[in-house]
Amino acid sequence: MDKIVGYLPILIGGMGVTIAVAILSMALALTLGAGFATLYLRGGRLGRAVTTSYTTIARGIPDLVLMLLFFFGGERAINSVLALMGYERISLSPFFIGVVTLGFIFGAFLAETFRGAYLSVPHGQIEAAQAIGLAPRRILGRIIFPQMLRLALPGFTNTWLVMLKSTAIISIVGLQDMVGLADKAGKATREPFVFMLAVILFFLALTAVSGNLLHRLERRYRPGF
Amino acid sequence: MRFDLIFKHADMFIDGIVMTLELTVASLAIGMLIAMPVAVLRTMRLPYIDAVLRGYVFVFRGTPMLVQTYLVYYGLSQFEFIRDSFLWAVLRSPFNCALIAFSLNTGAYTAEILRGAIEATPKGEIEAAQAIGMSPLRMLRRIVIPGAFRRALPQYGNEVILMLHGSTVASIITIQDILGAGRTLNGKYYLAYEGLVTAAVLYLALTFLIAGAFGIAARHLQAHLRPASTR
Amino acid sequence: MQGLEPSGALRLAVRDLHKSYGALEVLRGISLEAHQGDVIALIGASGSGKSTFLRCINQLEDCSQGEIFVNGEHMDLVHRKGRRVARDPRQLRRIRSKLGFVFQSFNLWSHMTVLENLIEGPTQIHGMHRDEAVTLAQSLLERVGMKGREGAYPAQLSGGQQQRIAIARALAMQPEVMLFDEPTSALDPELVAEVLAVIRDLATEGRTMLLVTHEMAFARDVASKVVFLHKGLVEESGPPAEIFGAPKSERLTQFLKHVRLN
Ligand SMILES: Nc1ncnc2c1ncn2[C@@H]1O[C@H](COP(=O)(O)OP(=O)(O)O)[C@@H](O)[C@H]1O
Ligand SMILES: [Mg+2]
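Chains as they are written, first to last, in our numbering: chain A, 6 to 230; chain B, 2 to 232; chain C, 249 to 510.
Some hints could be false.
As the list claims (entries may be wrong) - Stretch by stretch, here's where chain A covers chain B in the computed footprint (C-beta under 8 Å, at least three residues):
hint, region
1, 43-55
2, 99-110
3, 132-145
Said to hold, decoys possible - BS3-like cross-link-like pairs, simulated, lysine-lysine; straight-line CA separation at most 25 Å:
hint, chain 1, residue 1, chain 2, residue 2
4, C, Lys-329, B, Lys-124
5, C, Lys-479, C, Lys-496
6, B, Lys-9, B, Lys-189
7, C, Lys-505, C, Lys-479
8, C, Lys-346, B, Lys-124
Read the hints as simulated data drawn from the structure, not as lab findings. Source: prediction; values computed, not measured. Every residue, glycine too, gets a C-beta built ideally from N, C-alpha and C.
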């Protein structure tokens, strides 16, 4: 048990990696989500087809499978292209692969959240804005967008909490996050139980704290208040 | 793409499908057995018991299933008293360890889904049952639970798909499921795509099948929620 | 209250019923008797306590004081944890099964078909054989004009149809007394008549009924007695001709002025 005290600084560093991966993945997911939601709503039939294909793949294939595919297949695909162009081979870091995988998967969830939020803004309000002569861009900025944020917040919270837990799989391709470090430490000390228990406590703390903050935000900005 | 290699190892993938389905279905079944009493008890808000059940749900929904699986598979075998006990017969098998972790995990999620559905029972339907003199237990059995199952169907379908996807964690602890088969193929021939792409396609197909099955079930079991075209 | 000849056995008696929500005393001592075949209309302004009174009778709400007798059986109520509840849950269920309750919002069980709604009570509470319950249900469906809709789900029916099914469901328990809480208030105007017709039929065949309603014309036609509630008290009661023709209290006069008699 005292061994864990020695490893504590390392594990806390690992928690930093976990948080960093989660935040960067979320940034990518938000970008993809907003982009694909716009494509779906404004991109005509082709835009809807592209978005639907994307969300189907991102939500229909397990995260672990996608990640391994990106890790092994993605690297080889990029290197084939680079070789054709006469460049040196590169190797993709687990961190990069993790962010891309999670961003790709959860971008699909957020695309649906954003699309739903957009469609939930009552059409009458848009008409009322048009009626007083507000330009389309200002309608988007002043009427639709603020309401979308409130409507999308619960979906965002949920996506964040699920994604936070999904970061654990990146340790499988070698990321030295909480899980990866605890796995290593557990094997080194022959006490995997304590280290996994510590990881569980760290995850509970992370989900509890960030979930709490986001739920508080939801209550503050609940539609209608 | 070396399709010939994929087809040459078709039986490995078929075994993988069987393993994935076995693990998923068994976990969901045990999870449901856990979830039903947990959900019902949680709606009763009994002192102490409720705190324990809330703890269970909080821990298993708040942490990654990969870590839960590690805890059971690597963690428990650390203790000599477990290795020396009858438990070792169960815990030495990776399949059993995965089954335990997965069942507890999906049990927690399913309990929350059921609890929400139970608590969404229209108050009037309960009053109508009380008014004809139903006992609380009978009301639970005849009115609350059947209604809750129907209401929970779409969300539960989602949970089934999440469980299918989550079961890929099994391949990390040496179980030859679909992903395990894909990784074996890639490793054997030093391939980058074939095995994993095959696995991805198989998981995608299974996901479609499950979503379709729940869609059909919802159409039948939730007929009662659709207003008739004439009203 | 005098001058009303009881037409038969005492089916329901309520003595001095009190009920509070926090500091608000909603029922302040209501007594009422219903004999076999009585049709008692409860009228009064919104918030006067009509629903609460009806719900207390079959203990959907607990009352703080007062006694309830159904078919001569005294409901045994005791104080527990600050509430007054049935001492014996089995007695409560037995008494409830003798009181048919029809809700304003129907409250059909949405996952069950019409037939399943009707046979649920008889098979589960009375232990009736399914075949027998189905026969009973079918005759009741015929009575409420819903024959042929056995397989429909509540959501597929109009409000008026749902309420007629709800009445049939209550009747399927073969209750001694029927309690109606504004059975037509949730209905579109064009659907009110079909439900009132069913209730009128029940009155004609000699059912004992308590009916909270805002349909004054209906109350005047069908009721054998009208009770006017005001702020949790019986302000005035008597035969419909007196209540509607020659109201004594100022409040009843005011109330009747506000509701349209047609
Ligand atoms: N659950 C409750 N909590 C607090 N007050 C209530 C509740 N139900 C009813 N009341 C109050 O009790 C009074 C009587 O209500 P009710 O019996 O529904 O009147 P009516 O049916 O005659 O319109 C009203 O003042 C109402 O606001
Ligand atoms: Mg009322």
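Here is what the structure says about each hint:
no.: 1; hint: 43-55; result: violated (count 0)
no.: 2; hint: 99-110; result: violated (count 0)
no.: 3; hint: 132-145; result: violated (count 0)
no.: 4; hint: C:Lys-329 / B:Lys-124; result: holds (23 Å)
no.: 5; hint: C:Lys-479 / C:Lys-496; result: holds (17 Å)
no.: 6; hint: B:Lys-9 / B:Lys-189; result: holds (13 Å)
no.: 7; hint: C:Lys-505 / C:Lys-479; result: holds (18 Å)
no.: 8; hint: C:Lys-346 / B:Lys-124; result: holds (22 Å)
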